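**Student:** If you read the protein sequences in the order shown, they are chains A and B.
Heads up: the first sequence is residues -10 to 173, going by the working numbering.
Heads up: the second sequence is residues 2 to 227, going by the working numbering.
Hints were generated in silico from the structure; no laboratory data involved.
On a predicted model such as this, the values are computed, not experimentally measured, just so you know.
A hint or two may mislead.
Capping the alpha-carbon separation at 30 Å, the derived lysine-lysine pairs in DSSO-like fashion look like this [said to hold, decoys possible]:
#1 K116/A / K8/B
#2 K46/B / K62/A
#3 K8/B / K62/A
#4 K140/A / K8/B
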Amino acid sequence: MNLSQLCADAQKGDKKAENQLFTKLFERFLPIAGYRIRNRQDAEEVCQIALETILAKYKEIEFDEGFASWAVKVLDFKIRKYFDKRKHPLQDTTEMEGIEQNQAGLVEQPDFKLRDKLLECLKKIGKRNNRYARIIVMQFQGYKIDEICEKLNTTPNNVYVLLSRSRSLLKQCLEPGDTHEPGQ
Amino acid sequence: MNRDNRKEYCDKMLHAYELGILSDEERQRFESHYLECDYCYEGVKEFESVARLLREDKTVYETAKSITTETETTSGFTGVLSKLWDGTRKQATFAPLAAAAMIVLLMIPAYLIFIGGQQGQVIDLWGSRSADDTVFNIDPGEDVTLEFRYGDFTPGKEYIIEVIPYLRESVYTDSNFTAFNSHFVGQLTLSPDIFEDGFYKLLLSSVKGDPLMEVVFEVDKIESQE
Ligand SMILES: [Zn+2]
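Isolated chain B (complex conformation) (with noise of 0.2 Å):
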């Protein structure tokens, strides 16, 4: 790489890198290139709170939305954990779940869950860390696929996969789920059946009961449209 190159591909690959975008290949890639770059690293290290901001901060996320949304059409639904992260549910009936749940997001880092495709009845759970104040409403007439990611998943191996209503027992369990796609994505179609009006926790476990993940969402049974 000659010099012009070189600091061509410093300033594309930076904030690629810094927003957390890259695949592991590139990303390593850069970070070899990196360790022997003073540009990039006085980049990395100038914009080092930026780049956090960006990548973890609520706020940021939802003006970015906020902006996008303008030219947008929302997703049909939107939900309860970004009430969690305000806390408004927190001090209320939902506190000990909401807890639960926070400690987890905590965990889990962002580009474990993401939004899944909008066909069907589908029950999207990074959708619902996107917005306040919608449930997911259900149709009774029709089934009803949970779309989640999970980025750690080995192809191939089983989880426990449940679904839990607040303070009560679960009413689905999995326990040799396999049922990711290419793109880590989770799929589990439910009879609407199981459902009640109210809060769910979607648990994504390994075989011997680690919890992996979990997602909190709200449901809405509506009048049948046949």
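Just chain A, with the same shape it has in the complex (with noise of 0.2 Å):
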């Protein structure tokens, strides 16, 4: 069952169905989290937080955009206030309190066997389309959709359809046991 349909049903006061909504929900934002807060207990924890405010006010609410759109903003949120409260301390962010924060200093290892795989087909695939390999070092240089169009003189719409591509050919190329050379 959709999202939708859960909040819809668990809004009835259906129990089951809020069970079903709020594990998905906590499931899908991790992933969300974790891409911005690279501890992975801290990116927990911001998840909890959010899941807490829905939780307390999903019944109320009157949805604009429906409820995927009204969560996102709320664990959004939630990820800027713990940025917040790393940059000011001294600030009132009372419900941060428990996360250590432990960013700055604890940094997981990265997985080195796949990191090597990785370097070996990003050569592969960078040296047949040098965009790609363009596009990497430019979102690692800060640069967001427009800047990067700009940049390749290109749309958006050709950045995405070159970007899914070469995301199949990484994939395939990941696979273990793959001697596959990536083509255009």
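Got two chains here, each in a separate frame; can you build the complex from them with the hints?
**Tutor:** Structure follows, in structure tokens:
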């Protein structure tokens, strides 16, 4: 069942639906938070805090653009608050107090085997499609889609298509036992 | 959105999302979709470790950069921060500043700093992170512009900006710095006279004095062309 349906049922008092809704939300929030908060434990806690807010409010709120969109905004707000607390430790962000904020000190070690394979694949794909390598460089440099299009003199749609194709090649190349040479 | 259109949208947006290049608005739109979409959720989950490496791993950056520089002209200088990552300088005389820079680097997402333009005598403080062994040459006859990016700046808000030589007092302070353009790029133009050969730190703080970002760079003054 999709989120909106679960939400609608939960709003009517269906406890089972509510359980399913929050389990699903937690599961799907994690990668979102994990992308922006490098420490996994912190990411989990921020998700938990976002879910508490959603749980407290979802029955009374009228969603302008649907439940999912509202839920994402709540999470986004909590992630920003987490970073605010790091930048301004004295500011009142009471709900973030339990979080140790390990990010500056504790960065997880990369999976070296995966990394070696990825570098190999990146070379294969990047040499055949220089633009993909350029996009990887630009994203490191903080460029967003509009600026990337400007630099590559192309449209967002072309960039998305190029990325989609590169991702498939990357995935293919990363599969165990791959001897595949990605084509153009 | 019908099924085919939806799949097309998923495939198109997934990698752009994973690389973190979407605008805030586009990112939120994708995330709302992803909450409801099993295909995207599985995709994101499956590629999580790879995407993380693509976004954050220094060797990935270096590899991609080396592919691109085979066909492109590289910028005229490179610098010290990748050495700090490698720890080569960290062991030597540079240790305290290196440690501080490391901490700040870990605290600041990569999107806060980027390459600016290359016109005139510009010290491009993303470029300084991009390669080893080169210092920025300064012509003593020309003003120097430091270019850096701070993605969280608020238009109209004032910041404190300082230029601090290694282990010495700051040689330049502006407590009302506002010179950011709409691409979050800050530009600070200085007289070349304030620089000598050596390491410098550019420090941006809030008006209350909370440090927001810092970048380390190395300067070598050349003989004047005049
Ligand atoms: Zn999807």
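**Student:** Can you confirm whether the C-alpha distance between K116/A and K8/B stays at or below 30 Å?
**Tutor:** holds, 28 Å
**Student:** Holds or violated: are the alpha carbons of K46/B and K62/A at most 30 Å from each other?
**Tutor:** holds, 21 Å
**Student:** Under the criterion that the straight-line Cα-Cα distance not exceed 30 Å, is the pair K8/B, K62/A satisfied?
**Tutor:** Holds: K8/B and K62/A sit about 24 Å apart, inside 30 Å.
**Student:** Keeping to a limit of 30 Å between CA atoms, is the pair of K140/A and K8/B held or broken?
**Tutor:** holds, 28 Å
Consistency with the previously given hints is maintained throughout, with no hint failing.
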